[in-house]
Amino acid sequence: MPVEAAEPIAEEAPEKEYLWTLNFGPQHPATHTTLRLVLTLDGETIVKAVPDIGYLHSGFEKLGEDLNYNQYVAIVDRMNYISPVANEVSWFEAVEKLLGIELTPRCKYIRTIFAELMRLHDHLLCIGAAALDLGGYTAFLYAFYQRELIYDISETASGQRFHPSYLRVGGLMYDIDDAFVQKVRSFVKGFPKAYHDIVRLLNRNRIFIERTRDIGVLSKEDAINLSCTGPIARASGVVRDLRKDEPYLAYRDFDFKVVCATAGDCYTRYLVRMEEMLESLKIVEQAIENLPSGPVNVDTQSKVVMPEQLSTYRSIESMIQHFELIMPNRGFQAPIDEVYGAAESPNGELGFYVVSDGTERSYRARTRPPSYIHFAIFPYLIKGHQISDVVAVLGSLNIIAAELDR
Amino acid sequence: MSHVATLGILRDRFGADKFTTSEFRDNFRIIVAPTQVFAALQCLKHDCGFDMLIDITAADYLYYPNARDRFGVIYALLNMNTGERLYVKTFLNEPDLTLLSAFPLWKGADWMEREVFDMYGILFEGHPDLRRILMPEEFTAFPLRKDYPLRGRGERHNFPVITRAEG
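These protein sequence lines are chains X and E, in that order. FYI, in our numbering the residues of the first sequence are 1 to 406. FYI, in our numbering the residues of the second sequence are 1001 to 1167.
Hints were generated in silico from the structure; no laboratory data involved. Warning: the hint list may mix true and false statements.
SDA-like mimics (lysine to any residue), calculated; alpha carbons at most 20 Å apart, straight line [what the hints assert, rightly or not]:
hint, chain 1, residue 1, chain 2, residue 2
1, E, Lys1045, X, Asp222
2, X, Lys183, X, Asp222
3, X, Lys97, E, Arg1029
Chain E regions said to be covered by chain X (calculated; three or more residues, Cβ under 8 Å) [stated by the list, open to error]:
hint, segment
4, 1009-1018
5, 1049-1058
6, 1074-1083
7, 1099-1108
8, 1127-1138
Just so you have them, the derived chain E footprint on chain X, three or more residues with Cβ under 8 Å [stated by the list, open to error]:
hint, segment
9, 94-104
10, 220-229
11, 333-340
12, 345-358
Every residue gets a Cβ at the ideal spot worked out from N, C-alpha and C, and that includes glycine.
Full structure from sequences and hints, please.
See the structure below:
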C-alpha cells in the first residue's frame, strides 16, 4: 500500500495569508513547565495548534534498562512529580505482577493511603494552577498550603518531601509510626475547611465560570477514540476507574464513589477533580482508622525483600540474602516474560509495560504516560477558541512535562 | 476474563494458523504477522468490541535470551464494556520495519506511533504526520535501540555554537 502524502495544509494557501503564527513558547509562565505550542491565528481565534514537545526528555525509559527494579523507583517518582508516590504504586503494580508477589495487608493499606493522598496532592495543584492561570491567586495559595501538609506527611514516612521513593519490591522502605498516623488524622480533619474555602472562591465565581464553561469540550466518542482516561475521560461521560473496574491494592475494602459527568468542558473537569478529592479523603479516613497490623514487607522467604539490618549480623541466611540483593549481577530471579500493569494515577491510567530477561534489571520499562496521551488531544479541543482559552484548557488537562517527555 | 469469544471471532476471520496466543499472569497476548496487524486490529475494534487503544509500544530484542526477531511492537487494547484487555504483538526485522498505521482506527495512535518511530525507527504507513516527537528534528539515531549507548554518542557535546556576532 503506498504511503499517503499528508494533506496540504489549507492554512498556507495564498488566500489565507491573513493567518499568522504565534509561538506559545517553551518559556512561558502559563504553560506549566516546558512545552511549546505553535498557534495559527485568525485575529484572536485559533485555527490550528501544533504542539511541540521534547524539551524535558531525559531518557527515563533508557535508564530503566540500566537500573534494577528497586533503583528505578527513584526515576519513576520523578515522572509525574506532582504525585510521586502514585507513580511508584503503578510501577510496582507492574513489577510485582511480573514477579508474582502478593503484598501484606498492612502494606496494601499504607500504599492505598499514599496513593489517595497523592491524588489529593495532584488535584490540589491542578485546581490551584488552573485558578492561578486565570487570575485567582488566593485559591492557589489555599491549595498549596494543604499540599505542604501532605509534604510533611511524606517527610514523616520516608524522610523526603518531594520524591519519597518510599515503595520497594514486596513492601515499603520503612514502616510507618504513630507520628504519621497523627499527621494523617489531623490532615483529614483540617482538609474539608480548605476545600470549602476553595469552593466558595471558585465554584460560583462569575469570571471563572465564564472562562471555563463550554471551553475545550471533549465528547465521549472522542475521549474513547483518543485513549483518554482519568478525570478528563470521566468528565466526558466515560465511566471507567481502575480502582473499581480492576481493583488493586486495598480498594475493595473501601466505600467510595467514582465521580463522572457528561458535559466535558473545562468547568466540568474542575468539578470532577473537586469531587474526587472528597472521595479520596473518605478513602484515607477509612484506611487510617482500619489499618491492619502485621509486617509491612513480604516474607523474606520470597527472596526479594531486604532483611532487617540486625539480623544480617546474626544469621547467615540474612547475610546471604542481603548480599544477593545488593551486589550487581545477582538479585531478583525474575521470570523471562513481559507484563503490563496499571494503576489509576490522578491523571489517568498510568501503566508500565515491563519486559524482563531474568536479571534484576528490566530489559525494557515502558511508561504509558497519561499526560502524553492527553496532550495529543489538545489540538482537537482548542480549535475555534481564543488565545486566552489556551491557558484554561491546558490547565484543565493537567499536563506534567516530566511525564509528557520522560 | 475469558477470551474464548474473541479468539473464536479471530479464528473465523483469519484462520487458526494465522496467529498464536500466549498468556502470562493476567495478560493475554495474540501474536500476528506484521502484514496482518491492521486487519487484526480492525477486526478486534469493530467485531470484538475493543474500543479503546491503551498503548502502542515497541521493544528491541537484540540481547534478549532466545529471541528470534529483533523488534517487537505491542498494541494494548481494552474492551470498555467487559473490561477485557488484550495485547497484540508483532515482530519485525531489519530492513523491513514498516507497519500500517492504526490512526484510521484510533486517533490516539497518532502520538504513540510517532514515539515508536522516534525511539526505534519503525515506520507507520498512512500516518498523517510521522516525524520525531521527543528528540530534536535533526537527531539521526534511534535512542531506545539496544545498540545505542546509554550516554549517547556525543550529540550533547557537538551543538553548533552561535556567537553574538553571527546571531
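Going through the numbered hints above, which ones does this structure break? Give me the numbers in ascending order. 2 and 4
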